[in-house]
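Undergrad: Got chain A sorted already, so can you dock chains B and C onto it with the hints?
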Amino acid sequence: MNFNFNDSTPLYQQIADQLEEMIFSGGFDEGSQVPSTTQLSQQLHINPATVLKGMNILVNKDLLEKRRGLGMFVKKGAQQKIMEQRKESFYNDYVKSLLVEAGKLGITKQHLLDLIERGENDGSINS
Amino acid sequence: MENQKRNLVISTMFQQAGHATGIALGWGLGIALITYLLGLIISHNLESFLVSLQALPSIASSILNVLLMALFLVTPYTDFKWAIQNGISRKTLWQGRILSLFLMTLVVWFIAQLVGLMNTPFDLVSAWHSLLSYFSLSLTMMAIGNGFALLNRRWKWIVGIGLPMACLVLLMMLAYSLVGLIPALSASGVFKSIIISNVTGWVILVIYLIIVYALARFFNNKIQLRRD
Amino acid sequence: MMDQLIVKNIVKKYHRQTVLDNISFTLEPAKIYGLLGRNGAGKTTLLNIMSNRIFPTNGEVQIGNEDVNNNDDLLSKIFLMSEVNLYPRHMKISQTFDLADAAYNNFDYDLANRLLKVFGLNDRMKITNLSTGQRTASKLIVALAVNADYILLDEPILGLDANHRDSFYKELVKTYQERPRTFILSTHLIEEIQQLVEHVLIMDQHRIIINEDTEGLLAKAYAISGPEKMVDEYTAGLKVLKTEMMGNIKTAYLLDRLDEQRVIPDQVKIGHYDLQHLFIYLTNGGEY
Numbered sequence: 000m001n002f003n004f005n006d007s008t009p010l011y012q013q014i015a016d017q018l019e020e021m022i023f024s025g026g027f028d029e030g031s032q033v034p035s036t037t038q039l040s041q042q043l044h045i046n047p048a049t050v051l052k053g054m055n056i057l058v059n060k061d062l063l064e065k066r067r068g069l070g071m072f073v074k075k076g077a078q079q080k081i082m083e084q085r086k087e088s089f090y091n092d093y094v095k096s097l098l099v100e101a102g103k104l105g106i107t108k109q110h111l112l113d114l115i116e117r118g119e120n121d122g123s124i125n126s
Numbered sequence: 000m001e002n003q004k005r006n007l008v009i010s011t012m013f014q015q016a017g018h019a020t021g022i023a024l025g026w027g028l029g030i031a032l033i034t035y036l037l038g039l040i041i042s043h044n045l046e047s048f049l050v051s052l053q054a055l056p057s058i059a060s061s062i063l064n065v066l067l068m069a070l071f072l073v074t075p076y077t078d079f080k081w082a083i084q085n086g087i088s089r090k091t092l093w094q095g096r097i098l099s100l101f102l103m104t105l106v107v108w109f110i111a112q113l114v115g116l117m118n119t120p121f122d123l124v125s126a127w128h129s130l131l132s133y134f135s136l137s138l139t140m141m142a143i144g145n146g147f148a149l150l151n152r153r154w155k156w157i158v159g160i161g162l163p164m165a166c167l168v169l170l171m172m173l174a175y176s177l178v179g180l181i182p183a184l185s186a187s188g189v190f191k192s193i194i195i196s197n198v199t200g201w202v203i204l205v206i207y208l209i210i211v212y213a214l215a216r217f218f219n220n221k222i223q224l225r226r227d
Numbered sequence: 000m001m002d003q004l005i006v007k008n009i010v011k012k013y014h015r016q017t018v019l020d021n022i023s024f025t026l027e028p029a030k031i032y033g034l035l036g037r038n039g040a041g042k043t044t045l046l047n048i049m050s051n052r053i054f055p056t057n058g059e060v061q062i063g064n065e066d067v068n069n070n071d072d073l074l075s076k077i078f079l080m081s082e083v084n085l086y087p088r089h090m091k092i093s094q095t096f097d098l099a100d101a102a103y104n105n106f107d108y109d110l111a112n113r114l115l116k117v118f119g120l121n122d123r124m125k126i127t128n129l130s131t132g133q134r135t136a137s138k139l140i141v142a143l144a145v146n147a148d149y150i151l152l153d154e155p156i157l158g159l160d161a162n163h164r165d166s167f168y169k170e171l172v173k174t175y176q177e178r179p180r181t182f183i184l185s186t187h188l189i190e191e192i193q194q195l196v197e198h199v200l201i202m203d204q205h206r207i208i209i210n211e212d213t214e215g216l217l218a219k220a221y222a223i224s225g226p227e228k229m230v231d232e233y234t235a236g237l238k239v240l241k242t243e244m245m246g247n248i249k250t251a252y253l254l255d256r257l258d259e260q261r262v263i264p265d266q267v268k269i270g271h272y273d274l275q276h277l278f279i280y281l282t283n284g285g286e287y
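Top to bottom, those sequences are chains A, B and C. First residue of the first sequence? That's 0 in numbering that gives the first Met the number 0, and the numbers climb one at a time after it. First residue of the second sequence? That's 0 in numbering that gives the first Met the number 0, and the numbers climb one at a time after it. First residue of the third sequence? That's 0 in numbering that gives the first Met the number 0, and the numbers climb one at a time after it.
If a hint is listed, it holds; no wrong ones were tucked in.
Cut-off 16 Å, straight-line C-alpha distance, at most; resulting in silico cross-link-like pairs (EDC-like, lysine to aspartate or glutamate): (1) A/Lys52 to C/Glu197; (2) B/Lys90 to C/Asp72; (3) A/Lys52 to C/Asp212.
Source of the hints: derived by calculation from the structure; they are not laboratory data. This one's a predicted model, so the numbers in the text were calculated from it and none came from an experiment.
Chain A extracted, bound-state conformation:
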């Protein structure tokens, strides 16, 4: 895990985001245990309170669950939930900035659509 202290996002949010990414990309299987606050904070030497805050964000997003006496586990269906959440925010996260950048470069809507087609036919892209 990598952290950037100059980032706009606070450290606990970065922890939450990176854990979420690992769940989404299959780094953690559903139902499996994620490293405990203890383990993470020791490994990364980050204050345990910060790590806990990050993990609680994922608990609140219904992606992780605390099992008493055992630890933190990835909830069933977490991947699906993440996908849905990201679909919702796709517009804000990607489309908006795409349009802004295209505007700066003077790329028209037709040109954009052409580029998307080009992307679909591009074998080097996995989609």
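TA: Just chains B and C now, with coordinates in the frame of chain A:
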């Protein structure tokens, strides 16, 4: 908690004293012994060698006397440092040190008495006087040592040279007055008789002990980590 | 229930010089604090006063509303690991452990022995024979294994190489979780500890100028960059610690909440900067 810490001070002081004693006795007696052995080798006189061996106990006793005085003169700041490192208050440090002083002085006095018994029969009065002088001396050393612990390097020089000079001058003046060299004071025969009488001797001693004890304690409570 | 450690209006003067100017703050139990300040800011003097090694000119240090001065029970709750060595030179490391055990009780020998291996030491070594790094390590071991509620660490990473620093941070977090207590890390090496400390105290010019949670503090550490005029407009009236110009682009370093009402022009970028830089900007002689 306090008793435990106080006892820690006492045991650590005894440990360090024991260590120093071992070294001092080892060297002191060792050198004495070697000297005597050399004498034996040179003169082949076994008898005189054996006689000179009898001096060893009193050499040991003298070494202990010096060690006792030196210990309390030299250790206040070092002891304060490890004590405060371990959360021992100045109050408890004082209790540990004064008890150690008391016990160690007793031990050294006792050994001196035993050695003395080799040559002179036991005399209660002189033993008692001896005990008092041992205590006066070690308490004085503690007061001086504690006082020095408060001073930084520069002031140590100033006080270390100035104070003895001042004391010397005061003593000289006292002596002169007794011998009639300071008319104003010596004119008073009362003054003379006060200085010399027996009872006064005791009173002075008690007052002295109280002052020196109070000073030692006062300095102890003012010790701080120095900057130099 | 542990009590708070309260530093109340501490003033320290040496002759006419004021070294600590009315310092007050409260330490909570079981939290990791950072005490930051430049050389000569007075950190060591403050820590020495808190551990009763020197006397303040004015003010008090209290635990549970009682003065710590000359109080054995309260002094048993505090432990200071300082730059200077207070042990007799010929003392062995094992003896420093034993002293801490005898004075504070319940010294964690298991942890201490494990840490000896981690730092490559053995307890028969004498303090006087140790290198700077080794000496720091041996003092750290005592500080981590001693049974006290408030552990003050003055420059705990002095002379430690990168590997040992890494080990120290791990062990610190580990023992903090196993046996929650308060640690105060006083250091210059801010970038390595910023993610460890929950609360930050910054000293400058003999005063405490910052006393805040790390998170809240850094949330206000905005780096605003863009065309000069726009940046100036956007940051008008806000606390700007420093500005830089590169070409036409100005970057303003703020320590303030943004004005929600103001529109962010497209050419203006909003980012953050880290604790190390915040510290530098605050203590560079400017006002705060």
